[in-house]
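Student: Here is what each chain is made of, one letter per residue.
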Amino acid sequence: MGLLAVEQLVKHFGATKALDKASLRLQAGEIVALMGANGAGKSTLVNILAGALAADGGTITFRGEAFKPANPADAVRAGVVTVHQSTDRIGSAGLTVADALLMPRYAEGSTSFFLTRRSVRQKAAAVLAAADFDLPLDSDFGDLRAADRQLVAIARAVAAKASLLILDEPTASLSSVEAQRLYAVLRRLRARGMTILYISHRIADLAALADRAVVMRGGVVVDEFTTPIDFRAAVSAMIGRPLPSHEAIERDFHGDAVLSVQGLQLVPGAPAIDFDVKRGEVVAVTGALGAGKSRLLATLFGINSPVAGAVQVDGKPYHPRNPAEAIAAGVAYAGEDRHRTSLLPAGWPGSSVAGTISLPHLAKWFPGGLLFGDREAEEARGAIGRLGIRTSGPDAGIETLSGGNQQKTVLARWQAGDFRLLLLDEPFQGVDVGARADIIAAIRASTHGATLIATSDPEEAIEVADRIFAIDRHGLIPWKAPDAVSALATYTPNEANIR
Amino acid sequence: MTAPSPAASTPQFKADRLSARHVFAFLRKGGIIVLLAAMLFGFSLAQPAFSNLVNQMSILQSVSVVAILGTAVTLTLAVGGFDLSIGATAASSVMAAAYAMIVWQFNVWLTVPFVVGFGIAVGLFNGFLIVKVRVPDLLATLATMFLLSGLQLIPSAGRSISAGLILPDGSKAAGAFDPRFLEIGRSGLFGFLPLPVVLMALIAVLIYVLTEHTRFGRLLFATGGNELAARLSGAPTNRLRLTAYALSGALASIGGVIIAARVGRGDVSTGGSLMMDAVAAALIGFAVLDKRRPNVLGAVIGAIFVGVLLNGLTMLNTPYYTQDFVKGVVLVGALSLTYGLTRPGR
Amino acid sequence: MTAPSPAASTPQFKADRLSARHVFAFLRKGGIIVLLAAMLFGFSLAQPAFSNLVNQMSILQSVSVVAILGTAVTLTLAVGGFDLSIGATAASSVMAAAYAMIVWQFNVWLTVPFVVGFGIAVGLFNGFLIVKVRVPDLLATLATMFLLSGLQLIPSAGRSISAGLILPDGSKAAGAFDPRFLEIGRSGLFGFLPLPVVLMALIAVLIYVLTEHTRFGRLLFATGGNELAARLSGAPTNRLRLTAYALSGALASIGGVIIAARVGRGDVSTGGSLMMDAVAAALIGFAVLDKRRPNVLGAVIGAIFVGVLLNGLTMLNTPYYTQDFVKGVVLVGALSLTYGLTRPGR
Amino acid sequence: AGGLAGAPAPFDKGGVKFALVGFISAGDFFAAYQAGAEAQAKALDVDLQVFPGRQDSAEQRSQIEQAINLGVKAIIIDHGEPEALQDVVQKALDAGIKVVAFDVNINNPAVPQVEQSDHELARLALEQAAKDNGTTFSAGYAYVAGFAPLDRRNEVWQEFKKSNPGVVEKAQFGAVNATTAVSTADQAKAVLTANPDISVVFAPYDEFARGVKLAASDLGISSKLKIYSADVSSADIQEIVADGSPWVATVATNPAVVGAVSIRAAAKLVAGEAVDHNLVVQPTLLTQAGLRSAGVTTVEELAAKIPAFNASDVATASWIPAAK
Ligand SMILES: Nc1ncnc2c1ncn2[C@@H]1O[C@H](COP(=O)(O)OP(=O)(O)OP(=O)(O)O)[C@@H](O)[C@H]1O
Ligand SMILES: Nc1ncnc2c1ncn2[C@@H]1O[C@H](COP(=O)(O)OP(=O)(O)OP(=O)(O)O)[C@@H](O)[C@H]1O
Ligand SMILES: [Mg+2]
Ligand SMILES: [Mg+2]
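Chains as they are written, first to last, in this note's numbering: chain A, 16 to 514; chain B, 4 to 349; chain C, 4 to 349; chain D, 0 to 323.
Don't read these hints as lab results, they were simulated from the structure. One should not assume that every hint holds.
[Claimed, not checked] Partial list, derived from the structure: chain B residues whose beta carbon lies under 10 Å from chain C:
1. Asn-320
2. Tyr-324
3. Gly-331
4. Gly-343
[To be verified] Covered by chain D, per the in silico footprint, the following chain C stretches (three or more residues, Cβ under 8 Å):
5. 64-71
6. 253-266
[Unchecked claim] Just the calculated beta-carbon pair ranges, DEER-fashion:
7. Leu-205/B x Glu-393/A: 29 to 35 Å
8. Arg-336/A x Asn-110/B: 53 to 59 Å
9. Phe-129/A x Leu-205/B: 47 to 53 Å
What you are looking at is a predicted structure, and each value in this text was computed from that prediction instead of being measured. Even glycine gets a Cβ: it sits at the ideal position worked out from N, Cα and C.
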């Protein structure tokens with residue numbers, strides 16, 4: 016008899032069947048990879064196990080007893096600890112990182128009632144140490160970037176006394192450095208007999224960790240693989256077709272440069288950056304957490320101003336003072352944390368799939384200024400088809416989409432206009448490999464613009480890019496796959512570039 | 004190990020769910036409207052005079068100012084702000100109008116633009132504090148509120164402003180209210196449609212279209228929903244917030260013009276509690292039509308809702324001291340209808 | 004065509020930046036405190052009587068109620084709510100106290116628990132609407148506000164409650180204010196420390212520790228900052244919000260007790276401006292010490308800040324009609340100090 | 000200022016400090032009252048410190064305490080709640096400070112009561128109403144409880160109804176809020192529409208009367224209605240004398256005069272002279288006809304035209320110069 020048995024689990028969201036009689040068994044002390052295309056139902060399953068959602072049907076047995084957590088607190092008490100997918104569900108702005116790390120302790124009442132700065136700092140440091148991460152304990156959680164937030168969530172979960180640990184895309188915005196650390200920690204926990212349910216779209220993660228892979232599709236568990244896991248087979252089981260293979264690394268482009276950067280200095284004292292991106296080319300910048308990827312893109316989009324340097328777009332000088340000017344110059348930018356940088360709150364005007372896509376294009380699509388006619392819906396339907404966004408339609412609230420599908424919608428926003436230069440920061444967070452391939456294909460299809468992608472996952476970079484730079488301490492290092500990867504592996508973020 | 008899916012129980016279980024949802028959805032969307040209709044019907048039965056046109060009009064007239072102010076509040080709520088100075092702006096606009104006519108002997112054509120200009124200036128001041136000085140909205144508009152409620156007293160040394168006002172320097176003001184100005188509050192179209200009601204209707208429609216059906220409106224809401232996201236998609240969020248506050252100020256001053264024209268003097272005791280009524284209308288607007296967000300139509304209906312209730316109760320000669328209570332009870336009822344009936348599946 | 008990087012200026016420019024930052028930081032943190040000190044000093048010079056102990060105490064006494072209510076508002080702001088009913092709760096507590104003593108002839112030992120119980124009940128009602136019926140905070144507390152401001156008029160048919168009240172049924176109430184109850188508002192410790200000030204101090208310290216230095220406080224702020232995140236990490240967010248509102252109600256009713264004891268009658272016209280003043284104190288609290296979030300210490304200092312200003316102006320015999328204006332000006336100044344001086348690198 | 004020649008101590012030296020503690024600190028009545036008090040104080044070379052009560056009894060208490068510790072010679076209390084004041088007033092008296100109360104019954108033999116006599120105001124207005132309309136008519140009554148002066152005027156109205164069974168109160172209405180006149184107008188419209196037979200409205204507070212007049216003109220029934228009120232302001236006079244105005248009479252004292260009387264009474268006490276316990280300033284009946292024939296449009300003109308309205312012989316003394 017295993018640790019956990021999920022039988023015939025059903026969950027509806029209105030017309031959508033998120034879970035359609037899904038069944039799953041977990042043994043004690045194993046790491047199980049839960050694979051599935053975007054919208055397959057993984058997070059829904061997780062949310063039910065975590066007590067965040069109530070199932071409409073089916074049974075769960077945990078440790079031999081019926082398991083029906085009424086709320087997250089219940090689940091935690093029973094020993095089921097979860098790291099949720101979206102980074103906006105982790106902590107509160109206004110409280111320190113230390114508080115965020117201790118929040119579950121506060122909630123279960125396992126700290127002293129009265130708190131002193133010192134005691135909090137100590138306990139928090141201990142939590143971090145257990146996961147062997149390094150975060151600025153005293154800074155405001157609200158100022159943390161996506162990656163750091165995710166580290167907080169993981170450290171918290173690892174520290175909790177769990178018998179089942181669920182991680183929903185924990186590495187979505189981590190770099191390989193942190194990923195490596197996470198692997199080590201999880202292996203240690205497994206050795207202690209903890210069971211881990213691990214969801215990720217990064218094959219590297221799964222290959223490094225999984226004893227078993229369970230594949231979901233359309234709300235059902237469709238297949239299962241045991242070590243040695245054949246990931247090609249797993250992936251095709253997951254997306255229902257073999258993965259289009261793509262070997263375009265180091266194609267050389269002769270087109271004229273869309274973007275050219277000379278002597279760009281991101282922060283005082285950083286080395287100058289020179290590079291250019293040719294027409295139709297997809298260039299990836301990779302590097303460790305805090306290395307400067309986002310900074311580079313943000314600077315190119317006029318969010319941060321550079322210390323020095325010159326930039327041209329299509330040969331014309333380009334020095335945007337704000338995003339509006341950048342967009343006017345034909346440059347588009349998708350930020351790394353979609354909740355902070357792209358999405359509107361639920362129920363708000365423009366928070367539908369269509370509204371999310373149309374936001375930057377309203378002026379072009381509705382020159383009269385009046386929002387009548389269904390141009391918006393049209394464009395949205397097009398994008399939904401093109402990127403295979405799984406949703407009930409253009410009017411569906413963005414919050415009703417699965418994480419990956421939300422991310423696809425954000426990308427659709429910037430594909431909708433014909434921009435000269437696409438700046439995509441961590442564009443594939445939580446996007447499944449199939450969709451990723453489709454998106455890249457789509458990006459390539461429009462050969463008249465150029466694309467610059469920032470990603471903290473070298474494998475992803477290799478997969479999507481024609482040319483790759485690594486970035487370290489805000490400076491570019493020439494890319495040669497092996498030593499660059501090792502360079503990243505040896506890169507450790509210090510206080511200086513975390514804050 | 005794919006499980007075969009026996010689709011036996013699911014559909015019927017789904018059917019119940021749907022029908023239930025429809026009733027709920029109707030009550031939710033309908034909540035306040037239904038109650039409103041019920042009140043209109045009930046009052047007409049109890050007191051025939053209630054339903055006659057004149058009375059209906061005087062109800063609308065009595066809510067016109069609050070409705071306009073509610074619309075203004077809605078605008079600032081849309082950009083994620085909150086204009087606490089709305090009442091004070093209207094009140095000081097009353098004084099400004101009276102001062103302009105009685106001391107400077109302006110006529111209506113000078114007075115109205117002057118007052119509206121004043122309102123816009125106040126709005127821009129709020130906007131400046133919020134956008135440039137980066138003071139949080141509530142705080143900035145609170146400060147402005149105090150500033151204005153003090154400012155309005157100074158020119159007349161705390162006295163109401165009416166013809167023959169003795170100025171602080173002892174001289175006697177020579178002007179008087181321009182009769183055409185009083186018309187704004189006291190005359191009507193076709194003999195039955197009071198001008199304030201016309202103004203209210205115009206403004207409501209205008210701002211409704213502006214917020215719900217224009218690019219500008221969408222960007223306002225985007226700014227209020229997620230300022231960063233809006234800015235990153237190229238929206239001039241600062242200018243948008245500034246504009247929203249300027250508009251809010253302008254509307255408030257129009258409300259002030261109507262009050263001044265009704266009262267026929269610059270009444271020092273015109274005051275802050277206008278703000279609460281305006282906010283109330285704007286907030287009740289959230290519930291109307293189950294929008295759960297600031298919306299102009301809701302704000303106006305919210306104002307009318309309260310106006311009908313009070314007018315009806317007065318007609319039935321219910322003691323004034325029970326009216327607030329009834330107002331509260333009805334409000335709680337309406338809100339429970341709207342919010343209490345949960346959306347299934349969430 | 005690389006633009007030559009002005010490396011020369013950079014470090015030097017950075018140096019300025021740093022030193023400037025320190026001054027700014029001080030002014031930001033200090034802003035209101037500095038102003039407060041300046042006022043105390045200035046007023047003492049201009050009017051020696053200002054600085055004497057008795058006057059200092061009467062300042063503290065005059066702000067005690069607003070400070071306590073500000074603390075209450077801070078609590079609800081902490082959980083991401085906003086208690087608009089705070090003023091009405093205090094006002095109706097005044098009536099409740101008077102009614103209990105004059106009609107039911109309660110003594111102080113019965114009255115105070117009764118009134119505080121009433122306050123808690125109101126808080127729980129708010130909490131119920133918000134947590135269970137899921138009405139947005141502003142709307143729910145607004146409805147409660149109307150409900151209460153109506154309710155408080157009904158028992159005495161809208162008349163103030165003082166000894167010998169004629170009840171609606173025509174009979175004459177036999178009770179009177181318990182002298183020991185009046186003591187709460189009118190006596191002091193060691194002959195110079197008024198009880199209301201002591202109460203204010205106790206509550207301030209208590210709630211300060213509770214919010215800033217306990218597990219409970221962190222959970223409150225977590226709930227306010229990101230309810231979903233807090234719930235997902237196991238916090239009983241609903242119970243927390245309920246508690247916050249209950250506490251808020253309790254504090255409001257204590258404020259009411261103090262007013263009743265000061266005034267010695269159940270005055271229907273009590274507390275028109277209470278809510279705004281409390282909110283003002285709580286919001287000014289954001290700026291104090293540059294916390295930029297609800298905090299108890301700030302709220303209390305905010306209340307004292309305003310109290311000192313008004314007392315000083317009165318002592319200098321400034322006409323009442325300029326006082327609000329000055330209040331506004333000073334507020335704008337203080338806020339510009341706090342927020343206008345940006346944190347470099349933000 | 001070297002004080003008043005020939006005045007009893009301490010006025011002969013000057014530098015005497017009085018405090019005026021108000022309850023209602025905004026609005027025309029307070030403004031006018033304060034102006035009158037200040038003028039008289041100036042004439043007496045008295046330094047008058049004004050405390051605005053901000054409609055807050057608790058605040059008013061603290062302000063009296065402040066006045067005490069400022070060491071003033073006399074305190075004039077303008078309106079307020081007796082229960083909230085009696086004990087602090089006693090404190091002041093114990094500290095040797097003279098106290099005069101206006102329109103609030105301190106109920107203390109040592110404290111002269113200046114009164115604009117709300118009972119008298121209401122009585123005169125209702126007598127006029129009876130004179131114009133006889134003693135059988137259906138009336139509307141504008142009244143909100145909880146405001147001391149209104150409550151006193153209400154007592155008279157209740158009496159009047161008892162003694163004139165022909166007078167039926169069809170409806171009671173009224174609202175005191177941000178826009179008292181306008182809100183009252185809205186209510187009045189509802190009431191007058193519901194009760195078309197109302198021919199007389201008793202509105203013992205000018206803001207109410209203003210609202211009722213507005214309602215009448217909105218409904219176009221000004222000719223069928225007569226409004227009787229209390230209090231007066233320049234704006235009121237203009238409304239009353241306006242063509243076809245249904246506002247036919249109001250009864251008022253001149254707040255400035257009452258202010259002066261209050262100061263004089265305090266001064267006499269400080270000078271050690273005797274002062275009656277009740278100092279009633281007689282109100283004046285102002286009829287539409289009277290005002291029209293006198294051709295006045297502002298309170299100042301009224302004062303100039305009608306001496307009775309401009310001055311009172313209450314609490315005078317040879318050494319006290321008249322305010323100018
Ligand atoms: N709150 C909601 N309301 C309506 N539909 C929802 C809601 N949450 C999820 N869904 C739908 O349920 C389905 C499964 O969503 P889920 O988040 O479980 O997918 P997932 O496997 O986690 O995908 P991803 O890999 O992108 O995270 C999707 O079609 C999604 O649109
Ligand atoms: N939103 C932010 N908040 C705080 N610091 C930031 C932020 N953005 C950038 N930084 C700082 O700028 C430096 C570069 O950060 P940046 O995000 O560009 O690195 P990155 O390589 O994109 O890291 P990540 O993979 O986490 O996005 C870091 O040292 C970081 O401290
Ligand atoms: Mg998911
Ligand atoms: Mg980044």
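Student: Now tell me, hint by hint, if it's right for this structure.
Tutor: Hint check:
no., hint, verdict
1, Asn-320, "14 Å, violated"
2, Tyr-324, "3 Å, holds"
3, Gly-331, "3 Å, holds"
4, Gly-343, "5 Å, holds"
5, 64-71, "holds (count 3)"
6, 253-266, "holds (count 4)"
7, Leu-205/B x Glu-393/A: 29 to 35 Å, "33 Å, holds"
8, Arg-336/A x Asn-110/B: 53 to 59 Å, "47 Å, violated"
9, Phe-129/A x Leu-205/B: 47 to 53 Å, "60 Å, violated"
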